[in-house]
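**Student:** For reference, the chains in residue letters:
Protein chains: 2
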Amino acid sequence: MSEQKIGTRSELKRFRELAQQMKQYDEILGVVYWDMRTGAPRKGIGLRSEAVGALSSEIFRISTSDEMGQLLDTLSAPEQAEALSPVDKRLVEEQKKEYDRNKKIPADMHREYVVLSSQSESAWEEAKEKDDFEGFVPYLEKIIDYNRKFIDLWGVKSTPYDTLLDLYEPGLTTTELDRLFGELRSRLVPLAEAIASSDNRPDTSFLEGTFDKEAQKKFSRFILNEMGYDFEAGRLDESVHPFATGLSPGDVRITTRYLPHDVTSALFGTIHEGGHALYEQNIAEELAGTPLCTGTSMGIHESQSRLWENMVGRSRGFWQRYFPELQKHFPGQLDHVTAEQFYRGINVVEPSLIRIEADELTYNLHIMIRYEIERMIFNEGLEARDLPEVWNAKYKEALGLTPPTNALGVLQDVHWSGGAFGYFPSYSLGNMYGAQMMNVAKRKLPNLDERIAEGQLLPLKEWLTGQVYTHGKLLLPAEIIERVSGEPLRSTYLCDYLEQKYRDIYRLG
Amino acid sequence: MSEQKIGTRSELKRFRELAQQMKQYDEILGVVYWDMRTGAPRKGIGLRSEAVGALSSEIFRISTSDEMGQLLDTLSAPEQAEALSPVDKRLVEEQKKEYDRNKKIPADMHREYVVLSSQSESAWEEAKEKDDFEGFVPYLEKIIDYNRKFIDLWGVKSTPYDTLLDLYEPGLTTTELDRLFGELRSRLVPLAEAIASSDNRPDTSFLEGTFDKEAQKKFSRFILNEMGYDFEAGRLDESVHPFATGLSPGDVRITTRYLPHDVTSALFGTIHEGGHALYEQNIAEELAGTPLCTGTSMGIHESQSRLWENMVGRSRGFWQRYFPELQKHFPGQLDHVTAEQFYRGINVVEPSLIRIEADELTYNLHIMIRYEIERMIFNEGLEARDLPEVWNAKYKEALGLTPPTNALGVLQDVHWSGGAFGYFPSYSLGNMYGAQMMNVAKRKLPNLDERIAEGQLLPLKEWLTGQVYTHGKLLLPAEIIERVSGEPLRSTYLCDYLEQKYRDIYRLG
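If you're matching them up, the sequences are chains A and Y in order.
All residue numbers for the first sequence refer to my numbering, where the first residue is 366 and numbers rise by one.
All residue numbers for the second sequence refer to my numbering, where the first residue is 366 and numbers rise by one.
Pulled out of the complex, with its shape left as it was, chain A reads as follows (with noise of 0.2 angstroms):
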């Protein structure tokens, strides 16, 4: 064996030394965010999060010290990456990507972005109750600047937008985007307008009243069951706002929130939540305890949640099997209502402001008008002023809705007051995918619809368990579509998904 090699092989085990304690790190800071947002008392929030500050940043600064930096020369030099094995050349890329942009950014300026950032946030959020879109002006300005120089800093790729997707959502492009919610806006825009103007608006009186919230507990925990989520590799707990987080493929936890008068937002929720700890739960026993065990992207998370909440969750034969079920757990309050009639109620679509209230058509015209919104800011020059003026004639556009205030309007959302640019496209590119690997789905398992109308939950899970869950960060996003699907991404499918079911469910014939 050469001098060479059996070098490469202790900095090789010195690597990944490195990262499994960034992982341990992680997963421990992991229990600390789950804690805070599931009851840590108030009182010592101040001194935790100074101590979570504390250990992010060791983690910030294993990642990019001189010893990660010579190491990941050393083991992706070409001659030595070809040696590796398939994970070991994954982690040394992806440690690589991060070093690489973390080490462009000046620390000052990392320091300072950091401190804007938290400023913004509660100036945003100051803004919001107020309706004061002025008052936020000047750190959106700045912010968007800041972003700016990032882009300069990392490299423009084809457009500088494109710097900022590749964050989220790797190697995905405009052009490809522009292609995707092209296709969105052509034909669900005239979809939308045809349900608007449709006579056979689903009847949701029945959706009102006051459900136990034991029951919905109860009901919620029976849906994760028969979807196979394991409960001896997880909880579900309550929250504010629901949340997923996957520690470890032996501990991914749920939230959800109850409310009296919903008995729809506990249980889409926990199956939305439930969708994305079935991928965390069954990544590959082989990549336990390394950075690449967790989801591959947003958007490919994204899709599981979407699916199984909705693909799945929002479908005819899931309410034939379980509407009886639900029932059971409400008694006397379901009893004058069909399974058809909640399938329809549960499907109902109106045009409205706010996105995180959308249904599932009109949600992708919500994140394509903050897609569109987001590349004019960093491909054209869109400043922070004018934002309120365009979100405005583009929600008319799309929705036929003009917000009557910046709060129900430009203000709404958290992401852009914090920096997170490039992230909203995720949520409709779940949608996509979801679509795509469902239509496959529906070719290679027989009968799935029927199946599913039989409660039979476990083939879906174990097939999206092969092609997806398992290789967790293993493979790219356009890997993982093009090995299940045999193509790229397309928005086709969810058009064709969309159009098909809301036809029907709407008698658009």
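Simulated from the structure, these hints should not be mistaken for laboratory data.
Note that CB positions come from ideal geometry on N, CA and C, so glycine has one too.
Keep in mind that a hint or two might mislead.
Using 25 angstroms as the maximum straight-line C-alpha spacing, the simulated BS3-like pairs for lysine-lysine come out as follows [said to hold, decoys possible]: (1) Y/693 / A/583; (2) A/826 / A/582; (3) A/582 / Y/826; (4) Y/583 / Y/826.
Which chain Y residues face chain A? A few, computed with CB under 8 angstroms, are given here [unchecked claim]: (5) 402; (6) 404; (7) 406; (8) 412; (9) 416; (10) 753.
Guided by the hints, dock chain Y onto chain A, whose structure is given.
**Tutor:** Just chain Y now, with coordinates in the frame of chain A:
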């Protein structure tokens, strides 16, 4: 300003940073431990334990680093130390003690011992289950052997056992413990005997029955509130073994265990852990975020849990006020019982074989036996294989009972299997410190018994805060008791208190 002083100042700053970092990591580990004991999913425990191990190692690394060694050398030099604030001075002292102790154990030896302890705890568990002391002997021998080596490496104080005592109760000596336990033996053994032959055993039949869990929870929360436990700086959960954990003064958590057939278990468990928690919640602001923000010793900590559990929570006055409340929580179940009957019933004395089931009085005899045996092991060469014989003889002598099996005798406690020699005395020290403090409190706080009987518990809590809690680890245990009572620790106050209380309950005249 001299150059030397400027140098010291930057070293002091760096030292404080490292101390804070260790405390922050410790706080984070505390959250993870709490989580593991209150419901973390089973399947995540393996990786979680490794992650905890990694962060613990990092704390150990910092505390024994060359940088820490150099900082401690500089800051503890006589001419520098006197320029430090009392907090910094004490911090340097504590850190130096830890540094010296850890540096004296070779790294290999430390690693071997960690592995051995873990194996030994498993072997103990099995041995206890199978009543197989012989199977446990090889492990116990090695554990004792390592501890004898540690004593040599750390340096023998007045006697070898003194070196171990110092780990848990800094400054405590065998000479002093001989004096303290000597008086306990001479006064409590006859008292227990007199009680055993008394005809006035309190009635306890009303404690049998089934007590609603939700009502038990509610009453536990009610009593904690009355004690002044701050629920905005803590929370009450359930775990198999109750504990309290002070993550920071703003987050001090308690767990308890609700037994349907024993209402006293959760009740006194909660008050006990509540006493620990009051200590940690009320440490001075200026110590928060430093390693001095914790109880000063095992013994002083235990004094607070036991003072609240026994001297307050099992007092006649306490139940004059709270028994009607307890009756309200369990309607119909305790109607035929008087507060006085309840008070006597919860104070029944019953010599028994098992320490953790012992009453307030005989508990001290269980500890005395363990102390005498530990002293024999390290100062007189008693060997592992001879422990059952010594154990059984001492139980016969002090409690009049002979364990029918080793599982009910020498194998009952986990402590020795993990190498925690020198820990047991803390429990009785807690009782002694507590009695000595209460003796002063009764002189300093006018009509203390009457106030407790009116449900005014806060004056006692405030007094203890000023005397004990606020100081955290800034004062040594001996300094605390000296400042509170004007004299060193004596066992007289505990013996007086127990004699008075139990001669009354058992009408020994």
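**Student:** Each hint: holds or not?
**Tutor:** We went through each hint and held it up to the structure:
1. Y/693 / A/583: violated, 31 angstroms
2. A/826 / A/582: This hinted pair holds, its Cα atoms lying about 22 angstroms apart.
3. A/582 / Y/826: violated, 40 angstroms
4. Y/583 / Y/826: holds, 22 angstroms
5. 402: At 13 angstroms from the nearest chain A Cβ, residue 402 of chain Y fails the 8 angstroms test, so the hint is violated.
6. 404: holds, 6 angstroms
7. 406: Holds, because the Cβ-Cβ distance from residue 406 of chain Y to chain A comes to roughly 5 angstroms (cut-off 8 angstroms).
8. 412: Hint on residue 412 of chain Y: holds, closest Cβ of chain A at ~4 angstroms, below 8 angstroms.
9. 416: With Cβ-Cβ at 4 angstroms, under 8 angstroms, it holds.
10. 753: violated, 40 angstroms
In terms of the numbered hints stated before, the structure departs from hints 1, 3, 5, 10, listed from lowest to highest.
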